[in-house]
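Undergrad: One-letter residues, chain by chain:
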Amino acid sequence: MSFQWTQVLVSLRNADPTALTALACLRRSLGFGERLLALRRRVLWELSGPAEADRGMVIERLRLGGELWNPNKEQARIRSAGEPIDLLQLAPAQERSWFHALAWSPERDLDRRPHALRSAIDGERWSLRRGILWSLKIDRQEGTEGRKGAEEAVLCSAPGRGLLVHPQLEDYRWIDGDPSLPWVGEGAAEGLEL
Amino acid sequence: MKQAIAVLQLPGSNCEWETARAIARAGGNARVVRWNEPAEVLDRHAGYVIPGGFAYQDRVRAGAVAARLPFVQQVARRARQGAPVLGICNGAQVLVEAGLVPGMREDALDLVLGPNRMMGRDGYYSRWVLLGAGPAAERCLFTRGVGPRLLPIPMAHGEGRFATRDPIVAERIPSYVALRYCMPDGMDAIEFPHNPNGSIASAAGITNEAGNVLALMPHPERAILRAQVPEELGSFVRGGPTEDGPGLGIFRAMVEFLEEA
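Top line first, the protein sequences correspond to chains A and B. Position one of the first sequence corresponds to residue 46 (the numbering used here), numbered consecutively onward. Position one of the second sequence corresponds to residue 1113 (the numbering used here), numbered consecutively onward.
Keep in mind the hints are simulated off the structure, nothing from the lab. A couple of the hints might just be wrong.
Claimed, not checked - Far from chain B by the CB rule (all over 10 Å, computed), these chain A residues:
| no. | residue |
| --- | --- |
| 1 | Ala83 |
| 2 | Glu97 |
| 3 | Ala121 |
Unchecked claim - Interface residues of chain A toward chain B, partial, derived using beta-carbon atoms under 8 Å:
| no. | residue |
| --- | --- |
| 4 | Ser56 |
| 5 | Ser74 |
| 6 | Cys201 |
| 7 | Leu209 |
| 8 | Gln213 |
To be verified - Label pairs and their in silico Cβ distance ranges:
| no. | chain 1 | residue 1 | chain 2 | residue 2 | range |
| --- | --- | --- | --- | --- | --- |
| 9 | A | Gly101 | B | Ala1282 | 39 to 49 Å |
| 10 | A | Ser225 | B | Glu1343 | 53 to 63 Å |
| 11 | A | Glu152 | B | Ile1280 | 13 to 23 Å |
Glycine residues also receive a C-beta, built at the ideal position from the N, C-alpha and C atoms.
Work out the full structure: start from the sequences and follow the hints.
TA: Dropping the structure here:
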């Protein structure tokens, strides 16, 4: 069976309190100080379904459904396979300072939203995966290698070290530019069954 | 004078005063200590309780931000010196994030408290559960007196599933279980709802090697009076409604430990 994929990147319209708290924690409690310039958090949904499904209909029902984001407080960018959309919308000059870690839980049976979403789309067999995209802006003037600093912030490698990704709960990978679609690979893209 | 027990009040804690009352009923001297007091204040206390609630609104993960506060790191230092430390619900999440339990390795986080795994539902869940002594109950100073009894205690959480992806930790973790979710006949509760979150080894409370730290997901401070126990669980408790409830023993054990120290 062949599949089609769709990604939905959701971000808050206003400042994200979780990202602000995480930034303060990394700066003050974990010693990053001002060299960690900024931190953003977005949710990346990835859907896979039958290749023959009407892509336009799927996107329209996602927009109307409200299961994946609340348009009153969140905004979403949607892309499907083969569309060269710049999902992260980063200017080239900024890219060198930003590092993007996409984290997700490999556990696939903890969220009931897919069941609601399935009926909202077309009742066919659809799968869903949820990831958190952490974007860190590191000051390269401070003399440390940016990627290493980002890695230290992201991964909880030991007590008192790292914050954003817990290795006993989540996998993660670094994203250069837009995430691949699918982001994990076809074999693992089954995700949550809708 | 009795040695004081600090009940930590973090931004988002919501069980600190009832926890302090539970300690007082157990005969202890409790003081609620705010997170923005100087960390040295903690050194004037002999024991520590991190109560339930939603510290920092559970941002990033439940307990993750609080566990990295210098204030909590001070408690971690005191724990490593042997001071008794009890984390209840959100407090347990803080202790796990701080690496204090089970504390098998200094260079890794052994466990996580993941989202509940419940048949046919997800999210937050609350009910009364039955707790029995686990393999580490005798080692843990908070649970030495539990014996063969089953304790009805309420649980209320969305991220209470003790879990690990490390097969070595998974193999060793039963020996750190001080309290386990039980069936009414005393057997390990494997399935929902008696095991309300899918915890590994039916773990409700996990201790460390020394037995002076306990991360406990259910709320013993909500069961310090016999009258608080629902009627349908009355067969698991003794005495009249004004007598001590099944949760009080955990606080009494802490107080007695400090009196003997």
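Undergrad: None of the hints should be skipped; say for each whether it holds.
TA: Hints versus structure:
Every CB of chain B is more than 10 Å from the CB of Ala83(A) (nearest about 16 Å), matching its label as outside the interface. Every CB of chain B is more than 10 Å from the CB of Glu97(A) (nearest about 31 Å), matching its label as outside the interface. The Cβ of Ala121(A) sits about 21 Å from the closest Cβ of chain B, beyond the 10 Å cut-off, so the non-interface label holds. With a least beta-carbon distance of about 16 Å to chain B, the hint placing Ser56(A) at the interface is violated under the 8 Å criterion.
Hint on Ser74(A) holds. Least Cβ distance to chain B is approximately 4 Å, under the 8 Å limit. With its C-beta approaching chain B no nearer than about 5 Å, Cys201(A) sits inside the 8 Å limit, and its interface hint holds. This hint holds: Leu209(A) has a C-beta 6 Å from the nearest C-beta of chain B, less than the 8 Å allowed. With 8 Å as the threshold, the beta carbon of Gln213(A) comes within range of chain B, its nearest partner Cβ sitting at about 4 Å, so the hint holds.
As the Cβ distance of Gly101(A) to Ala1282(B) is approximately 46 Å, the hint placing it in 39 to 49 Å holds. Taken as a hint, the range 53 to 63 Å holds for the pair Ser225(A) and Glu1343(B), whose Cβ atoms sit roughly 57 Å apart. A hinted range of 13 to 23 Å holds for the C-beta pair Glu152(A) and Ile1280(B), which are about 20 Å apart.
Of the numbered hints listed earlier, the single one contradicted by the structure is hint 4.
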